[in-house]
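Novice: Sequence:
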Amino acid sequence: MGRTNVSIKNFAMENLIYYLTGIGVLALAFALWKTRRVYLQEKANQKASDFSAHIRNATFTFLKTEYNVLSVFIILVAVLLFLQSRFTDDSNEFLAISFVVGAAFSSLAGYLSIYASSYSDNRTVKASESSVNKAFRTAFSGGAAIGIGNVAFAIIGLSVLFLISQLFGDKWELSTSINMLTGYALGVSTVALFDRIIGGVYAQAANDGEKLVIKTEEAIPENSAVNPAEIAKGTATNINNITGAGSDLFESFVAAIIAAMILGIPFLNAEAVYSHFSFGPIMLPITIATVGLLCSITSNFIVNTIESENFWTSYRFSNYFSAAIIAIASFFVIKYMLPAEWEISNTVNEQLIITKFKSLGIFWSLFIGLSSGILISLFTEFYTTSENLVDKVVEKSFNGPSSNILSSISSGFLSSFGPVIIVATTVISSYYFAGFYGIAIAAVGMLANTATVFTINSFKPIVENAGYLAKISGQAEEIEQTINELNKIGDKKELIVKSFTISAAALTAFALFSAYLQKTGTSLFEISDPLIIGAILIGAIIPFLFSSFVVSGINEVATKLAIEVKRQFNEIPKLIAALDIYKKYYGDPNVPDNEEEEILANAEGVAEFEDLVEISTYNAVREIIIPIVITVAIPALAGYFGGTALLAGILSGLIPVGFVLAISQANSGAIWRSAKNQIVKGVLRNDEIYGKNSEAYKNAQFGDSVGKHFKNASAPALNILIKISVIVALIIASGIV
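Heads up: the sequence shown at position 158 corresponds to 427 in this note's numbering, and the numbers run straight through without jumps.
Calculated directly from the structure, the hints in this document are not laboratory data. A few of these clues could be false.
As the list claims (entries may be wrong) - Lysine to any residue pairs mimicking SDA-like chemistry, simulated, CA-CA at most 25 Å apart:
(1) 604 x 541
(2) 843 x 867
(3) 316 x 743
(4) 835 x 861
(5) 835 x 490
(6) 843 x 828
(7) 961 x 485
(8) 333 x 880
(9) 484 x 848
(10) 967 x 977
(11) 484 x 836
(12) 961 x 668
(13) 961 x 750
(14) 627 x 614
(15) 977 x 946
All chains should be modelled from the sequences, with the hints used to inform the complete structure.
Specialist: Shown next as structure tokens:
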């Protein structure tokens, strides 16, 4: 009987990678099927459909322009990786191929996400004419297609590359096979670097530029289909919240799995582990991630069967149900793939140290990571929407813009406490249960539910663009209540997902840092060494420099975008005629006659949208090239010229400071937005209701304009900074030991 069990396990282990690849392919097929189902739903009216197509094409113009620059960057990095692999023992030329595959998979996932999003927002407009429930399901289905599709791409890429490495198993060391996967992580991270940073700058600049155009040309009405800036504004939602946030989560998901796989290598030296399930500790992270994908698909089916008008409850159920079945399934997976206990030995300072591990400890590490993601979401929901906290900022808004700004910033600083304590507790407790491997498994646990988080994240931009299409096509009044109801859910989800994404990025960075320390043997370094103190300080200042370049870049790109819009209004005949009519009736209670209405209608959609987006994208690239160089060059230079300890010191300063700065900026921006929205609803003060026309609203709006730069551009960009810096360190580790 014992031999039979061993035989079955060996067969399962040998074929597990095929099963995981197959599940990834089936999940991708499911995502494409979901996209097709949404596509086959009835479309919105012709005007909304036309502008949906304009936004989709303009978004692809952005991606094409960005990826032209990205492709050059990828070629240069691939050449450097190829050259490095010639001089390191645990690497080979396949590292460069793995890097290119990672970049290709992440880019392709982004393209398909835009298709799913643009089909969904159009159909959500039409569904809103029927009921809130139907509109919710349409938007949620679009989000599910994006979420499940992205995670499927990540798993397929990892599984196929690992499978290829095993086909060359007689030529490569195991460490070489696993280290090859860090190239995949770097490829994914490179796309995230461009999508999140350049995309974030472009997206916020498009919003600012549209407002700047209206401010300088007051006759142009808001949400005018004639205004070229409106399409740029429409693309901003896709670029920032679909491809940007998507590539960010994609990167964290992949990096956490690879960090855990690297940290699992030493366990294979234990006879109890190897004889139990061969490569169990290495295959466990990707297996748990695949289990998470299946659980997310299951929860998606269940949400679609719930007939409820309480959509926030549906969201919670989707998230918590998925997390619960992930925890239960992972318990049995861990029990099956790992022995009950084992021990490994290390020599430290000429002393033999034996460390004992238990499979139950691995499970608790995973459970802690999974739970910490939920706790961070709950804390963020409370802190950024709590009436007491938001009321404080609302009250300060009556005192002037400076009071509003200071109040929100101080609240953002204070709100960092919760997520930081949760992540710190996760790192400490997971290390207690399973060492560095436990930290990485905790990160995998937090991100095991990524497909559901992806779905929730994508829901907001789909609904937001649906509302935008409704306004620009003249349907706003008919479906305003439905869209507003969905937007309330979307706003809450956006705040929660941002905080979760930042915290997941931080935990992933700590997992990668653990892998770096293990790989280089730099488990301890002397904190009193002046060189290390200096390195920590240098690492701590990098996030501030990075944020400075991102925020200043937004202003430059917005100004140039407004200049290009004005050029089109001055040079394109139909836009010139439309602007003359707007100026004629600006401030005039009369309305354009039929002939003038026809002129305005003929001016819709004639602007050079793609030229506007292309110019703005290149401007964003020029503004952000320095932060991109900082992100990749500093860890590489520090490692090659300063050694492993110096690089560890820089990362020790960069990761925690980048995390705290990002979470405080994101939460400050969320509180600003909540305060502004509350004033829009009407605030009772001294027996008088103050709303959108009040001075307090103007002050809150001013604060929100600052907060958008924090939460939509700077904070998300810091996610990428802290992760890719450690991935670069991990890539070069073999060459600097």
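Novice: State for each hint whether it applies.
Specialist: Outcome of the hint check:
1. With a C-alpha separation of about 13 Å, the suggested pair residue 604 and residue 541 falls inside the 25 Å cut-off, and the hint holds.
2. Restraint check: the Cα-Cα separation between residue 843 and residue 867 comes to about 11 Å, which is no more than 25 Å; the hinted pair holds.
3. Restraint check for residue 316 and residue 743: satisfied, since their Cα atoms lie roughly 9 Å apart, inside the 25 Å limit.
4. At roughly 23 Å between alpha-carbon atoms, residue 835 and residue 861 fall within 25 Å of each other, so this suggested pair holds.
5. Distance hint between residue 835 and residue 490 is fulfilled; the C-alpha atoms sit about 15 Å from each other, no more than 25 Å.
6. The hinted pair formed by residue 843 and residue 828 meets the criterion: a straight-line CA distance of about 24 Å does not exceed 25 Å.
7. For the given pair, residue 961 sits about 22 Å from residue 485 by alpha-carbon distance, which is consistent with the 25 Å threshold.
8. Our distance criterion of 25 Å between C-alpha atoms is met by residue 333 and residue 880, whose separation comes to about 12 Å.
9. Distance hint between residue 484 and residue 848 is fulfilled; the C-alpha atoms sit about 14 Å from each other, no more than 25 Å.
10. A hinted pair counts as satisfied when its Cα atoms are at most 25 Å apart, and residue 967 with residue 977 qualifies at roughly 15 Å.
11. Of the pairs offered as hints, the one joining residue 484 and residue 836 holds, with about 16 Å between alpha carbons and a cut-off of 25 Å not exceeded.
12. Straight-line distance between C-alpha atoms of residue 961 and residue 668 comes to about 16 Å, which keeps the hinted pair within the 25 Å bound.
13. Pair hint residue 961 plus residue 750 holds up; C-alpha atoms about 18 Å apart against a cutoff of 25 Å.
14. Using a Cα cut-off of 25 Å, the hinted pair residue 627 and residue 614 holds, with the two alpha carbons roughly 15 Å apart.
15. Annotation: proposed proximity of residue 977 to residue 946 holds, straight-line Cα distance about 14 Å (limit 25 Å).
In terms of the numbered hints stated before, the structure departs from none.
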